[in-house]
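Chemist: Sequence:
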Amino acid sequence: MDIPKCIHSDPKRQPKTARLGFKAELLVNEINVYASTETPNLKQGLKNFADEFAKLQDNRQADIERLEAKVVEHLKAYGTIVKMKRDDLKVT
Numbered sequence: 049m050d051i052p053k054c055i056h057s058d059p060k061r062q063p064k065t066a067r068l069g070f071k072a073e074l075l076v077n078e079i080n081v082y083a084s085t086e087t088p089n090l091k092q093g094l095k096n097f098a099d100e101f102a103k104l105q106d107n108r109q110a111d112i113e114r115l116e117a118k119v120v121e122h123l124k125a126y127g128t129i130v131k132m133k134r135d136d137l138k139v140t
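In the numbering used here, the protein residues as written are 49 to 140.
A portion of the hints provided could be inaccurate.
For each label pair, taking beta carbons as the anchor points, the in silico distance ranges come out as [claimed, not checked]:
{"no.": "1", "residue 1": "T128", "residue 2": "L90", "range": "53 to 63 Å"}
{"no.": "2", "residue 1": "N80", "residue 2": "K124", "range": "36 to 46 Å"}
{"no.": "3", "residue 1": "V130", "residue 2": "Y82", "range": "48 to 58 Å"}
{"no.": "4", "residue 1": "I129", "residue 2": "Q109", "range": "23 to 33 Å"}
Derived from the structure by calculation, the hints contain no laboratory data. No experiment lies behind these values; they were computed from the predicted model shown. We put the CB at the ideal spot given by N, CA and C, even for glycine.
Construct the entire structure; sequences and hints are all you get.
Modeler: Put into structure tokens, the structure is as follows:
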């Protein structure tokens with residue numbers, strides 16, 4: 049059983065971070081749409097806020113991907129070790 053593949057293939061098990069990232073993009077788009085209807089000063093402030101929020105979300109997503117890479121690599125190694133130990137037990 050390939051744990052990472054199992055996690056990412058089943059929509060019920062997909063990381064919440066993917067959904068949160070999508071929601072953040074929607075929020076940034078909505079802020080930009082709303083900003084286009086406001087006065088110039090508020091418009092600029094909202095656009096700056098949306099840009100900073102998008103940068104924050106991108107940074108957060110990069111942190112999550114780095115963490116997932118570390119965890120997935122260890123799980124893959126663990127799976128290989130378990131298979132080798134099972135084979136050793138079958139031989140003995």
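Chemist: Now tell me, hint by hint, if it's right for this structure.
Modeler: So, going through the hints one by one against the coordinates:
no. : hint                       : verdict
1   : T128 with L90: 53 to 63 Å  : holds (57 Å)
2   : N80 with K124: 36 to 46 Å  : holds (40 Å)
3   : V130 with Y82: 48 to 58 Å  : holds (52 Å)
4   : I129 with Q109: 23 to 33 Å : holds (30 Å)
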